[in-house]
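The listed protein sequences derive, respectively, from chains A and B. Numbering-wise (the numbering used here), the first sequence opens with residue 1 and increments by one. Numbering-wise (the numbering used here), the second sequence opens with residue 1001 and increments by one.
Worth flagging that the hints you see were computed from the coordinates, not collected in a lab. All figures in this text were calculated on a predicted structure; none of them were measured in a lab. Check each hint, because a few of them may be wrong.
Ranges of calculated distance between the beta carbons of each label pair, as one might list FRET restraints [stated by the list, open to error]:
{"no.": "1", "chain 1": "A", "residue 1": "Lys125", "chain 2": "B", "residue 2": "Thr1469", "range": "52 to 60 angstroms"}
{"no.": "2", "chain 1": "A", "residue 1": "Leu62", "chain 2": "B", "residue 2": "Arg1180", "range": "52 to 60 angstroms"}
{"no.": "3", "chain 1": "A", "residue 1": "Gly126", "chain 2": "B", "residue 2": "Phe1014", "range": "53 to 61 angstroms"}
In this text, a Cβ means the ideal position worked out from N, Cα and C, and glycines have one as well.
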Amino acid sequence: MSQPTSVPVFPARSPGEPPRASGQRKPLFSLDNRYIAPAFITCILLAGHLSFGILESYQKTLLAIVTSIALELVLGRIFFHKWLHPASAYITGISVGILVRSPAFWPYALCSAISITSKYVLRVKGRHIWNPSNFGISVMLFLAAETVATLSIQWGNYLLPMLVIWALGSIIIWRLRRFHITGIYVASFIAFAFLRSWMTGSPWQSEIAPITGPMYQLFIFFMITDPKTTVRGRRGQCVVVFLVALFEMVLRLYQIVYAPFYALFIVGPTAMLIEIWIDSRRANAPKLAVPQ
Amino acid sequence: MTGNRIARVLLAFFFIALLATPFVIKRISAGREADRSKADAATALARHGFYLQEVSHSAGINFIHQSPKLDPKLDPILPEVASMGASVSIVDFDRDGWPDIYVTNSAIGSKNALYRNMHDGTFKDVAGEVGIADVNQPGTGVSTGAVWGDYDNDGYEDLFLIKWGRPELFHNDQGHGFTRVTEQAGLPPWINANTAIWFDYDGDGLLDLFVGGYYSEQIDLWHLTTTRIMPESFEYAKNGGRKYLFHNLGSGKFEELSAKVGIDSRRWALAAAAADLRGTGHPDLFVANDYGVSELYFNDGKRFHEVGEQTGVGFAPKSGMNAAFGDILNQGRYAVYVSNISEDGILIQGNNLWMPKEGTTGDATKYQNLARDFGVELGGWSFGAQFGDLNNDGTLDLYLTNGYISLDRKRSYWYDFSKVAGGNSTIIGDAKNWPAFEGRSLSGYQTKRVWLNDGAGKFVDVAQSVGATDVYDGRSVALVDLWNRGVLDVVVANQNGPLLVYKNTVAPQNEWIEFELEGTSSNRSAIGAQVTLFWNGQKQVQEVSGGSGFAAENDRRLHFGLGTNPQIENVVIRWPSGKLQTIDKPATNQLHKMKEPA
């Protein structure tokens, strides 16, 4: 089994990208890349909670984080015989802590556990194919709907906090060279929102509304950009994220409340599998004989 | 098999076990859950000690609530905007010793009803005769609730009519009729409120009035100048109606001094209730807000101090729709029950049962939400709820009504609701941005909850088993011993639905005792008087209330179930004036009429 998480969560450059030329400007932040995403999501959590009290309880979020990190450490130790860096598990845990909404404690622990374990179980050719928190949350929504919902209304529904997150998130994502993923998704979502409005007769504002809420900020900055579960290559990533938005649009036409989670749940792994299959074919293709 | 392979197999089993966990938990909780089976009266009586029988028609009550039609600009989402207004309050308006029922209607031109108790099991609507029926006239708004209190201490309960529109105060003319005294009292011309309570906040022997606004008082819902009338946020809205504290000056006049005494909020109030939560002798004020956190105001007798966050009740924003107090563990302290929204897989707010934390008292009192532990958390789109001992076993049970909008059973508005509710304030705050309802339901046709208290911290829902089987859009619940039989009957007001009267039959071996209090130096309604009953080595405290639940007022008389073979040690009455009165070994199975000693 190959190691699932020991590389930085957001690599400074995606595989296949050319190395940065010498003399290029220094990065905007000097923080180690693997700390950027955890720092950002922690800022979102703290800002949201201190300004609006988005957390129902600290304990639940803490439970999600602790479960996530603990399981990652244990599984990493068992399968890779080393202590894995906890940054990735921290992001998974904190995402679960923010996105899962339940009056009970157990869904937080269970969702984190399912998310982390999925990385070790659901693997193809050494790669895990689902974004962990997307998998965990989708599964919880399927299996425990009477106890679990997700964040959809918190954080004041005001513009200012959103602008701050958008600005900060965009800068960070830009630096991590994954802004195209977020950008394509947002543009696609807005275009599809107008299309839905035209098709259904709903006010366009109501179709745009979801992306102005806090749930989507976690979705567009953390879930769809996860380097471990997105295909390689800028063009492929653009196509896949467009397809996520397209599939979400279809689900929305069927009035599926958690359309974005389910769209990513289905499109993301499908794209990964196709890429793995193509890689495999390429690797197995006989080399052409070089003419003498 | 290598070690790594074994580990992978074990991991796969572990993963499957994780995925199976929700099913296991569901099965375990189903085992603990309520008695959902429908049972006949004899079975219910044997199993739970009581059963309810809906008798409104045979009792002569055929009241159907009507929602208002509002400004045409709101037509696309009218079912949602006009989703409240059904209310019920209990009063013995003519002092004949038999409780009467007042219910509100909410369509322009519709009539409210006052059902006089005819002492023979039937009621007769006399609202028209006494002048409090035709109160929803064009230009004056519509009724959304009513609370009764003897503001001039003449012995007859007066009526404050809560409205989306012009609030009204009616003076009770010795049970023969009512005189409208709104202007003389100094009430404002327009309030869009759903809640009000009578209480004597400063202990001067005169009932004061708290009114909690919902929509801004600037808005006339029939003549909109803007469609930006909706909450700016689903959980943090502060653009609702203002709050009012009308201090009773004693001459039929009131002065508004909410800001002066520390009540300054524009949250969307839906329910309020007052009780002395700290043993100070002053009633504290709890306000359950829609689209936000609840507020708790500690009262020092002169000023209020908002301590929601400090005490823990004002931390997590939900959709508060009810405020009721109950000493559910017979420990002499009140729990507060706040209802919220729960819809499987979409929005699981859960209702709140705020229990005072052990070891915290007085100003340092803190609350923890134990609704899940006690089993009273999930009640659908919950509205009115009241505590009362329905089977006279000596512990307070909880009746909850629910259901928001029941239209087309097959089509739901939830998707559109959640879409907009998650949006930016400029979107959610404007009614024109909300998709049209088009006849869809939103948490409609819900089954009710009748939670029986086992006295040890667990409630079990027996609604279906004991006969509370309606699925109307319930709003307001009032508990009352309608026929002076020593049992609590249940009256439920439904939005766009009938007024239901559930007549209660209780196992005869369980005894009871009731108290009817009359203040002398305290306010004559005795609102705020506390009765502590000591029996069988335990105690239960109840307080005379001037309104609680959602848009409701229970019977003024306090009802205690005692269980079998009760040994009452004594009863201590603490009057609002601070006087203490002790009754040794009062007789059971009877109503005790108590007058405040001089």
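- Message: Tell me the numbers of any earlier hints that the structure contravenes, in ascending order.
- Response: Violated hint: only 3; rest satisfied.
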